[in-house]
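Heads up: the protein sequence lines correspond to chains A and B, in order. Oh and the first sequence: position 113 is 113 in the numbering used here, straight run, nothing missing. Oh and the second sequence: position 289 is 289 in the numbering used here, straight run, nothing missing.
These aren't lab readings, by the way, just hints derived from the structure by calculation. Mixed in with the good hints, there may be bad ones.
Here are the computed distance ranges between Cβ atoms for each label pair [unchecked claim]:
id, chain 1, residue 1, chain 2, residue 2, range
1, A, 98, B, 255, 40 to 46 Å
2, A, 44, B, 117, 35 to 41 Å
3, A, 52, B, 232, 44 to 50 Å
Quick list of in silico lysine to aspartate or glutamate cross-link-like pairs, EDC-like style, CA-CA up to 16 Å [what the hints assert, rightly or not]:
id, chain 1, residue 1, chain 2, residue 2
4, A, 48, A, 83
5, B, 181, B, 155
6, A, 44, A, 71
7, A, 44, B, 110
8, A, 136, A, 83
9, B, 181, B, 228
10, A, 44, A, 83
11, B, 207, A, 98
12, A, 44, A, 125
13, B, 169, B, 110
14, B, 181, B, 157
15, B, 203, A, 61
16, B, 169, A, 125
17, B, 181, B, 91
18, B, 181, B, 110
19, B, 207, A, 100
20, A, 44, A, 100
21, B, 146, B, 91
22, A, 136, A, 61
23, B, 207, A, 41
24, B, 181, B, 138
25, A, 48, A, 100
26, B, 108, A, 41
27, B, 146, B, 228
28, B, 203, A, 125
29, B, 203, A, 98
All residues carry an ideal CB built from backbone N, CA and C; glycine is no exception.
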Amino acid sequence: MKKQVAFFIGVAVSFAGSLVLAGQDKARSYKYHWDAQVYAELGKAPAKARARRNPLQTDPEAVAAGRNLFEQHCTECHGDSAEGGRKGPSLLVPQIHDAEPGTLFWLLTNGVVWRGMPVWSKLPEPQRWQLVTYLKSLGVTEQAPAAKPGAAPTAPPSPHR
Amino acid sequence: MSARRSTLTVLFALLLCSCFGRSTRAQENPYIVAYDHYLEEPGNLEVEYFSTFGTQRSANDFHAFWTEFEYGATAWWTTEFYLDGQTTFGDSTVFTGFRWENRFRVLKREHFINPVLYIEYENTSGADKILKEVEGHDGEADYAEKNSILRQDHDHELEFKLLLSGTHKGWNFVENTIATKNLSNDPWEFGYALGASRPLALKASAKRCSFCRQNFIAGAELYGGLGDRYNFGLHDTSHYLAPVVAWNLPSDWTFRLSAGFGLNDNSHRFLLRWGVSREITGFGSMVGRIFGGRK
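In isolation and in its complexed conformation, chain B is listed as follows (with noise of 0.2 Å):
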């Protein structure tokens, strides 16, 4: 399947959702690595594209995109599947594997710093591009082989997180602590997703407007790897810092942008990302309708 196919159907899919299930407006933040606290509502399912455009040096760019479905099962976990792929130009389109996350919320109230914990399992091969989290010793030179060749390597692993979060005076921060075990023999490895954001203006227009600069949420991320357990720290680890915005619009579509920059020679030059998702509400109570729940 094509890239541009292959991401036709993930954005018709997104449109058939929008027309089958009553929807709402998400105040989505604009990270696109980096986790706030805030958990899907329950019952909601949301529906995300996204997009990565990579370069590589002595090798050809990449494009890689993923899709999730973001499940509220409760106020306080929110489990979610992606599915992920890549095109590496002048080379081939692959997928690359699944990812299964869940997130949760430990404290009753919301508090100055409000923690969540994560936990993900992913099935992924070595041909992965997605740069959804670096850490280890991540880094661009891992990414220059050929597919077929990158294809043969197959990643079993477990990630957790402590995803702490705060929003005060309308800006929210966040930081994440990463740390990742290959369920074959490789070590620990760790990494940090670090994130600022701010809405355009605090206060609600009195109509409804697309434009509206409380609709613009911007900020920027900085994530990067912290090596493994027998070598921990910054050396030959790869970071970037990344301008992200997002756009949430009154039709309950958000759109997000994000221009990553790499800080160093492990890293990608530059890593252009886009977004594009939809909150459906209720599906929860549709499905159960569907098995037999009340109505």
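Here chain A stands alone, though its shape is the one from the complex (with noise of 0.2 Å):
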């Protein structure tokens, strides 16, 4: 009995533990290191699946049904205007405003898994496009920091990350 005990309060530690550590991890990594390295991602995209045009791209309820989409999914990382959050990047930057739907889509499928974004290819294929379709609608509103892999950031964060 002693040994289910303590085998259940060594169970109850690990997972605070794992809570605390993943609490704090996230609050220091992605407000300060790991922005360009998502950047530096949508260079990785495979020429074939760049190449992908958005079959979504014209139909006229695509960006409002991708905002839908991007409200439930994605503004706890990327904030409610996709200015960016303690744990995801901005996407009001010339890296995403620029890049080809096919790399958007394909960034989304695939995540960016080592530094925290999951994969997406749980939405459905046209759900994806649609949000594709709502992050091109999006401005440009700041510059990103340079894609250095590996490297310190040289710049200070934005005051509202």
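Bring the two chains, given one by one in their own frames, into a single complex with the hints.
See below:
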């Protein structure tokens, strides 16, 4: 019985520990270190993926539907207006605005798992294209840090992040 | 504690979580037994309550229930803690143990088939009837004894699964291979779970709505035992086929329903399962700040 209690406490402490570590990790790393590396992932999209056309580019409802999807799935990390948040980079930067729709679709599908962005292939393809349409409808309001994989950022974080 | 009171307690806890936590709308698949390769979003906590009503030949029917706390530690690691209990009608209500589960995504990118490694420690009594997985020679007859007798049996098990899953043209397909080792001297036991599901609509609506077709995901799962190390195969095993449906509400709740039918004489004739879950975003960061993390 004592062993069971000890194990139960061990599990609880491990669980709480992972919560604390993960929370601190997110607060520290995403705020200062990984934006550039996440943008750099866009450059890794294969040519075949980049060449894909957005079948919903001219769909009159795609932007509104994409906005809904963004509010439901993305604002927690990227902020209510895609300005960036504690856990994810801004999407109002040239890297996103200038990216081909196929590249954004590829990144949504594959995520950046080692940097905290989950894969979003659980959303059906048309919904991912709706999200891409919405992202492409956003303007550029800030400059992102240059991509230097493995390097510490040179610019201080934006005050609103 | 009566089954009704414990159910109400869990639902009250879910309600409290929903009041104090910021939530996000999950896009949950409808499986109750099978696992896909999608992990919890990092920093999010999903609180889930599930029930299983099972028919029992030559004994009383039962209502088993469990609560899950599923946390996304990273984008490649999800950890989950379960508390199990059950009521056997005309007998008693008992707490039947706990489980600690971890799932690890293996590959960095999305592929045609995506493997996830699963490891779980179970500390349950023989009275555990949630049937979260079926393995070895599990059968209906194992559950026919009184709770007082079943509780005398204690299981300390390590369970390993290889979860294979892929999503194509809106369809999600999963295959889970199960291997379980009781930490006593019992042999390895094996099992499987298969599943397929698809949203009723693939495009999202421009309006937020509760009853839009894209909020419903329907499918089926098939699961059962594959014997043990010394007697591998379908002989003396039980198997179930269950149509499943999930309803992902814009108000951040997910409901699941599953009607399982036993496929042979070793199986329970009918298992009705339902579940409700709520995802709380930023839970890890909240806890981190309490302990001195950055704001």
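Do the hints match the structure? See the list:
1. Taken as a hint, the range 40 to 46 Å holds for the pair residue 98/A and residue 255/B, whose Cβ atoms sit roughly 42 Å apart.
2. The hinted window of 35 to 41 Å between residue 44/A and residue 117/B is violated, with their beta carbons roughly 25 Å apart.
3. In this structure the supplied range 44 to 50 Å holds for residue 52/A paired with residue 232/B, their Cβ-Cβ distance being about 45 Å.
4. For the suggested pair residue 48/A and residue 83/A, the alpha carbons sit about 29 Å apart, so the restraint of at most 16 Å is broken.
5. The straight-line distance between the Cα atoms of residue 181/B and residue 155/B is roughly 10 Å, inside the 16 Å bound, and the hint therefore holds.
6. For a cut-off of 16 Å, the pair hint linking residue 44/A to residue 71/A is broken: about 27 Å separates their Cα positions.
7. Proposed proximity of residue 44/A and residue 110/B is supported: the alpha carbons are some 14 Å apart, at most 16 Å.
8. Pair hint residue 136/A plus residue 83/A holds up; C-alpha atoms about 14 Å apart against a cutoff of 16 Å.
9. Restraint check for residue 181/B and residue 228/B: satisfied, since their Cα atoms lie roughly 10 Å apart, inside the 16 Å limit.
10. Restraint check: the Cα-Cα separation between residue 44/A and residue 83/A comes to about 23 Å, which exceeds 16 Å; the hinted pair is violated.
11. A threshold of 16 Å between alpha carbons decides the hint, and for residue 207/B with residue 98/A the separation of about 28 Å lies outside it, so the pair is violated.
12. Among the hinted pairs, residue 44/A with residue 125/A is inconsistent with the structure: their alpha-carbon atoms are about 20 Å apart, more than 16 Å.
13. For the hint pairing residue 169/B with residue 110/B, the CA-to-CA distance comes to about 14 Å; that is within 16 Å, so the pair holds.
14. This hinted pair checks out: residue 181/B and residue 157/B have alpha carbons roughly 6 Å apart, not beyond 16 Å.
15. Taking the CA atoms of residue 203/B and residue 61/A, the gap is about 10 Å. The hint holds against a cut of 16 Å.
16. At roughly 7 Å between alpha-carbon atoms, residue 169/B and residue 125/A fall within 16 Å of each other, so this suggested pair holds.
17. For the given pair, residue 181/B sits about 30 Å from residue 91/B by alpha-carbon distance, which is inconsistent with the 16 Å threshold.
18. Between residue 181/B and residue 110/B, the direct Cα distance comes to roughly 31 Å. Violation of the 16 Å bound is thereby established for this hinted pair.
19. A threshold of 16 Å between alpha carbons decides the hint, and for residue 207/B with residue 100/A the separation of about 27 Å lies outside it, so the pair is violated.
20. Taking the CA atoms of residue 44/A and residue 100/A, the gap is near 12 Å; set against the 16 Å cutoff, the hint holds.
21. For the hint linking residue 146/B to residue 91/B, the alpha-carbon distance of about 7 Å falls within 16 Å, and the restraint holds.
22. A threshold of 16 Å between alpha carbons decides the hint, and for residue 136/A with residue 61/A the separation of about 14 Å falls inside it, so the pair holds.
23. The straight-line distance between the Cα atoms of residue 207/B and residue 41/A is roughly 32 Å, outside the 16 Å bound, and the hint therefore fails.
24. Note on residue 181/B and residue 138/B: the hinted pairing holds, with a Cα-Cα distance of about 14 Å set against a maximum of 16 Å.
25. The suggested pairing of residue 48/A with residue 100/A holds, with an alpha-carbon distance near 12 Å, which does not exceed 16 Å.
26. Of the pairs offered as hints, the one joining residue 108/B and residue 41/A holds, with about 12 Å between alpha carbons and a cut-off of 16 Å not exceeded.
27. Between residue 146/B and residue 228/B the alpha-carbon distance is near 26 Å, which puts this suggested pair outside the 16 Å criterion.
28. Proposed proximity of residue 203/B and residue 125/A is supported: the alpha carbons are some 8 Å apart, at most 16 Å.
29. A C-alpha spacing of about 25 Å is found between residue 203/B and residue 98/A, which places the hinted pair above 16 Å, so the restraint is violated.
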